[in-house]
Every structure is written in structure tokens, then in C-alpha cells.
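Colleague: Sequence:
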Amino acid sequence: MKDVGFEIINNSQRILIEQIKTAAIDFIFQKKWEEKHNFSDYLSEKMNLDYPYLSSFFSSVEGTTIEKYLINLKVERVKELIVYDQKNLSEIAWELGYSSVAHLSGQFKKVTGFSLSYFKNLKEQKRSSLNDV
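Sequential numbering of the sequence shown, starting at 1, is according to the UniProt record's numbering.
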């Protein structure tokens with residue numbers, strides 16, 4: 001099943017990691033940041049666990065921080081919205097909770113190595129699946 005994109009989760013650690021990732025995806029894609037501006041508060045309430053514990057656990061299992069994971073999700077969403085070409089950069093920045101296009105641009109370049117305008121011109125740049133983030 002793993003070959004076709006399905007993975008059986010067989011232990012409680014993997015289940016918790018997947019719950020954290022699902023919460024992060026919901027936070028970004030369902031605009032939960034409009035309700036809770038702080039992901040750590042959102043995650044703690046959703047999971048009913050302390051954020052420091054969740055953060056430490058996630059980092060030890062995944063080898064990256066929750067914050068970096070969340071940023072990577074946002075960047076993938078930015079790529080998706082740029083490729084769809086239905087919103088301008090200001091709208092994309094607002095939709096994802098960035099304070100400005102400059103903030104979005106800086107984070108995008110830091111993660112991808114590309115400026116927003118360069119990426120926008122590429123349009124063929126392959127996106128990562130959410131499972132690969």
C-alpha cells in the first residue's frame with residue numbers, strides 16, 4: 001500500500017505525528033489562523049497537550065521543528081496559488097496570514113532559493129506533495 005501513497009500507521013508515535021501534521025494542514029488550508037493567530041495555541045487546544053511537549057516530540061521524531069514544517073506547508077501553498085494564477089501576491093500573502101508581500105517574499109526565497117517573481121515565471125516548477133514536506 002505504501003507504493004501507491006498509503007501508509008499504515010502502526011504505533012502511537014506515528015499517530016501523534018500525523019495528528020500534528022493534519023492540524024498544521026488544517027491551520028494553513030482551512031485558514032484556522034483567522035480564529036487563532038498562534039499555531040501553538042491552536043495545536044495545544046486541538047490536541048489537549050502542552051505545546052512544548054508536542055514541539056519537542058515532533059522535532060525528535062521528524063528531525064525538524066513544527067515551525068519549519070508549518071513554514072514549508074505555507075510555501076507549498078504559495079507555490080500552488082502562484083501556479084493557479086488566480087490571485088495576486090498581495091492576496092496570497094493575506095490568505096496565508098503574512099503581514100506583507102515582503103515578508104512572504106523573504107520567507108519564500110529562504111525556503112526555495114527563488115524569488116516570487118522568478119518562481120511565478122517558471123510556472124513549471126514542480127511542487128512537493130504534502131506528504132513530502
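Don't take every hint at face value.
No farther apart than 27 Å at their CA atoms in a straight line, the calculated lysine-lysine pairs in the BS3-like style are these [claimed, not checked]: (1) Lys-109 - Lys-46; (2) Lys-46 - Lys-31; (3) Lys-87 - Lys-46; (4) Lys-46 - Lys-120; (5) Lys-87 - Lys-109; (6) Lys-21 - Lys-68.
Keep in mind the hints are simulated off the structure, nothing from the lab.
Colleague: Is the straight-line distance between the alpha-carbon of Lys-87 and that of Lys-46 27 Å or less?
Modeller: violated, 31 Å
Colleague: For the pair supplied as a hint, Lys-46 and Lys-31, confirm whether the alpha-carbon distance does not exceed 27 Å.
Modeller: holds, 15 Å
Colleague: Starting from Lys-109, check that the Cα of Lys-46 is at most 27 Å away, please.
Modeller: Roughly 31 Å between the alpha carbons, so the hint for Lys-109 and Lys-46 is violated.
Colleague: Taken at face value, is the distance from the CA of Lys-68 to the CA of Lys-21 at most 27 Å?
Modeller: Between Lys-21 and Lys-68 the Cα gap is close to 12 Å, so the pair holds against 27 Å.
Colleague: Is the straight-line distance between the alpha-carbon of Lys-87 and that of Lys-109 27 Å or less?
Modeller: Satisfied, since the Cα-Cα distance of roughly 19 Å is no more than 27 Å.
Colleague: Would you check the hint for Lys-46 and Lys-120, treating anything up to 27 Å between C-alpha atoms as holding?
Modeller: violated, 35 Å
Hints 1, 3, 4, counting from the list given before, are not met by this structure.
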